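K.L.:
Each chain is listed here by its residues.
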Amino acid sequence: MFLDDERSSRLRIGILNDYVGGFLNDVERANFLGLPPTTRIRERAKIISPENLSIGEYCWIGENTVLDASGGLTIGEHTSIGLNCLVFTHSSWLANMKLENRSGSDLIERKAVRIGKGCFIGGNSVIMPGVTIGDCVTVSPLSVVTKDVPDYCLVSGNPARVFQRYDQAWIDAEADRVRTENAARRAEAEAHGEKSSWGSPRLRLTPTDQITSNHNGEEAK
Amino acid sequence: MSLNDRLRAVFVNALELPDGVDVESLKYRDIQQWDSLGHMTLVAAIEDEFAVQLETEQVIDLSSFKVAVDMLRGLGVDD
Chain A
1 MFLDDERSSR LRIGILNDYV GGFLNDVERA NFLGLPPTTR IRERAKIISP ENLSIGEYCW
61 IGENTVLDAS GGLTIGEHTS IGLNCLVFTH SSWLANMKLE NRSGSDLIER KAVRIGKGCF
121 IGGNSVIMPG VTIGDCVTVS PLSVVTKDVP DYCLVSGNPA RVFQRYDQAW IDAEADRVRT
181 ENAARRAEAE AHGEKSSWGS PRLRLTPTDQ ITSNHNGEEA K
Chain L
1001 MSLNDRLRAV FVNALELPDG VDVESLKYRD IQQWDSLGHM TLVAAIEDEF AVQLETEQVI
1061 DLSSFKVAVD MLRGLGVDD
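Taken in sequence, the protein lines are chains A and L.
Its first residue numbered 1, the first sequence is counted upward by one per residue in the numbering used here.
Its first residue numbered 1001, the second sequence is counted upward by one per residue in the numbering used here.
One should not assume that every hint holds.
[To be verified] Residues from chain A that face chain L, not an exhaustive set, calculated with beta carbons under 7 angstroms:
{"#": "1", "residue": "13"}
{"#": "2", "residue": "162"}
{"#": "3", "residue": "163"}
{"#": "4", "residue": "164"}
[Stated by the list, open to error] So the derived label-pair ranges between C-beta atoms look like this:
{"#": "5", "chain 1": "A", "residue 1": "86", "chain 2": "L", "residue 2": "1016", "range": "46 to 52 angstroms"}
{"#": "6", "chain 1": "A", "residue 1": "190", "chain 2": "L", "residue 2": "1025", "range": "40 to 46 angstroms"}
{"#": "7", "chain 1": "A", "residue 1": "92", "chain 2": "L", "residue 2": "1003", "range": "46 to 52 angstroms"}
{"#": "8", "chain 1": "A", "residue 1": "18", "chain 2": "L", "residue 2": "1003", "range": "55 to 61 angstroms"}
{"#": "9", "chain 1": "A", "residue 1": "166", "chain 2": "L", "residue 2": "1066", "range": "19 to 25 angstroms"}
{"#": "10", "chain 1": "L", "residue 1": "1021", "chain 2": "A", "residue 2": "86", "range": "38 to 44 angstroms"}
{"#": "11", "chain 1": "A", "residue 1": "175", "chain 2": "L", "residue 2": "1027", "range": "18 to 24 angstroms"}
{"#": "12", "chain 1": "A", "residue 1": "31", "chain 2": "L", "residue 2": "1064", "range": "47 to 53 angstroms"}
{"#": "13", "chain 1": "A", "residue 1": "110", "chain 2": "L", "residue 2": "1016", "range": "43 to 49 angstroms"}
{"#": "14", "chain 1": "A", "residue 1": "96", "chain 2": "L", "residue 2": "1063", "range": "42 to 48 angstroms"}
{"#": "15", "chain 1": "L", "residue 1": "1052", "chain 2": "A", "residue 2": "23", "range": "49 to 55 angstroms"}
[Said to hold, decoys possible] Below are the DMTMM-like pairs computed for lysine to aspartate or glutamate, each with C-alpha atoms no more than 25 angstroms apart in a straight line:
{"#": "16", "chain 1": "L", "residue 1": "1027", "chain 2": "L", "residue 2": "1016"}
{"#": "17", "chain 1": "A", "residue 1": "117", "chain 2": "A", "residue 2": "190"}
{"#": "18", "chain 1": "A", "residue 1": "147", "chain 2": "L", "residue 2": "1061"}
{"#": "19", "chain 1": "A", "residue 1": "147", "chain 2": "L", "residue 2": "1055"}
{"#": "20", "chain 1": "L", "residue 1": "1027", "chain 2": "A", "residue 2": "167"}
{"#": "21", "chain 1": "A", "residue 1": "117", "chain 2": "A", "residue 2": "148"}
{"#": "22", "chain 1": "A", "residue 1": "147", "chain 2": "L", "residue 2": "1047"}
{"#": "23", "chain 1": "A", "residue 1": "117", "chain 2": "A", "residue 2": "176"}
{"#": "24", "chain 1": "A", "residue 1": "111", "chain 2": "A", "residue 2": "148"}
{"#": "25", "chain 1": "L", "residue 1": "1027", "chain 2": "A", "residue 2": "176"}
Please keep in mind that the hints were generated in silico from the structure rather than gathered at the bench.
Quantities reported herein were computed from a predicted structural model and do not represent experimental measurements.
Glycine included, C-beta positions come from ideal geometry on N, C-alpha and C.
Construct the entire structure; sequences and hints are all you get.
P.N.:
Structure below.
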């Protein structure tokens, strides 16, 4: 039933890693895969050719994301790559059209991808081979990044285009805004005798919200 | 319908503006609806309505109703 050729043995390591990794939490999984101990990599995320992956500290990789490092992949520190993302560094397009789509074909094209530090890659996005994404870049969910993205900007769409540029002062102001909002939520939670472990405390509906609709979207009595 | 009227309707629909908003004096990030996500929706709606394709610098520079009017005139959109 099992083949014992080089390719089968190599693939089986990945299959077993996926299987074992399914029982681990995100930090344990990162350690198991040899990633920095501050990495959090969620269930069913897959790394192709991990030996060609260079990843900084404090990265987060979402569920079902595929990081293809076969052509070389660099990810900077404090970068998050959302759920269901695809980062490609190789393509078989030419092997397909030349009808040479065999394992080991020399028509596989490989181009390295670099994703900078402090980036947020929204869920279901695709990063194409050869792309360099700068530092502190936000990629909106469902985007397809086909060309290089400069530092400090927001890109969105298919193909992704720049919709906003920002600087460190703008980021600092946004950080202050969110910290202030979170502090207010924590204070509200504590005022109700709750302990907020992380993120938002339990949401409280205003009386207006409560009478607007019920779970069926119908007006509540 | 004039360019201003068409553009006003685009702003209202794309940003889901309530009645009574002074669209002509709106500026990017002045109101909650015109944040970065609203901006993407607005740019797509302008491109659809006027059959134009904005360049990256134009997308970034589109910071008010008046700028949008001038930009569209520069792209050959007439009343």
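K.L.:
Are the hints correct? Go through all of them and say.
P.N.:
Each hint tested on the structure:
1. Among the interface hints, the one on residue 13 of chain A is violated; its C-beta lies about 42 angstroms from the nearest C-beta in chain L, farther than the 7 angstroms criterion.
2. Because the smallest distance between the Cβ of residue 162 of chain A and any Cβ of chain L comes to about 5 angstroms, under 7 angstroms, the interface hint for this residue holds.
3. For residue 163 of chain A, the interface hint holds, the least distance from its beta-carbon to any beta-carbon of chain L being 5 angstroms, beneath 7 angstroms.
4. Hint status for residue 164 of chain A: holds, given a least beta-carbon distance of 5 angstroms to chain L, under 7 angstroms.
5. Between residue 86 of chain A and residue 1016 of chain L the beta carbon distance is about 32 angstroms. The supplied range of 46 to 52 angstroms is therefore violated.
6. Between residue 190 of chain A and residue 1025 of chain L the Cβ separation comes to about 41 angstroms, which falls inside the hinted range of 40 to 46 angstroms.
7. In this structure the hint that residue 92 of chain A and residue 1003 of chain L lie 46 to 52 angstroms apart at CB holds, the actual value being about 49 angstroms.
8. The hint said 55 to 61 angstroms for the Cβ distance between residue 18 of chain A and residue 1003 of chain L, and at roughly 57 angstroms that hint holds.
9. Residue 166 of chain A and residue 1066 of chain L have their C-beta atoms about 23 angstroms apart, which keeps the hinted 19 to 25 angstroms range intact.
10. Against the hinted window of 38 to 44 angstroms, the Cβ-Cβ separation of residue 1021 of chain L and residue 86 of chain A comes to about 40 angstroms, which satisfies the hint.
11. A hinted range of 18 to 24 angstroms holds for the C-beta pair residue 175 of chain A and residue 1027 of chain L, which are about 23 angstroms apart.
12. At roughly 51 angstroms, the beta-carbon separation of residue 31 of chain A and residue 1064 of chain L lies within the given 47 to 53 angstroms, and the hint holds.
13. At roughly 45 angstroms, the beta carbons of residue 110 of chain A and residue 1016 of chain L sit within the given window of 43 to 49 angstroms.
14. For residue 96 of chain A and residue 1063 of chain L, the hinted distance range of 42 to 48 angstroms is satisfied, since their beta carbons lie about 45 angstroms from each other.
15. At about 54 angstroms, the CB distance of residue 1052 of chain L to residue 23 of chain A agrees with the hint of 49 to 55 angstroms.
16. Straight-line distance between C-alpha atoms of residue 1027 of chain L and residue 1016 of chain L comes to about 15 angstroms, which keeps the hinted pair within the 25 angstroms bound.
17. Taking the CA atoms of residue 117 of chain A and residue 190 of chain A, the gap is about 35 angstroms. The hint is violated against a cut of 25 angstroms.
18. Distance check on the hinted pair: residue 147 of chain A and residue 1061 of chain L sit about 21 angstroms apart at the alpha-carbon level, within 25 angstroms; holds.
19. A C-alpha spacing of about 15 angstroms is found between residue 147 of chain A and residue 1055 of chain L, which places the hinted pair at or below 25 angstroms, so the restraint holds.
20. About 19 angstroms separates the Cα atoms of residue 1027 of chain L and residue 167 of chain A, which keeps this hinted pair within 25 angstroms; it holds.
21. Only pairs whose Cα atoms come within 25 angstroms are accepted, and residue 117 of chain A paired with residue 148 of chain A is accepted, the gap being roughly 15 angstroms.
22. The straight-line distance between the Cα atoms of residue 147 of chain A and residue 1047 of chain L is roughly 21 angstroms, inside the 25 angstroms bound, and the hint therefore holds.
23. Distance restraint check for residue 117 of chain A and residue 176 of chain A: the Cα-Cα separation of roughly 20 angstroms lies within the 25 angstroms cut-off, and the hinted pair is therefore satisfied.
24. For a cut-off of 25 angstroms, the pair hint linking residue 111 of chain A to residue 148 of chain A stands: about 13 angstroms separates their Cα positions.
25. The suggested pairing of residue 1027 of chain L with residue 176 of chain A holds, with an alpha-carbon distance near 22 angstroms, which does not exceed 25 angstroms.
Hint violations for this structure: numbers 1, 5, 17, all remaining hints satisfied.
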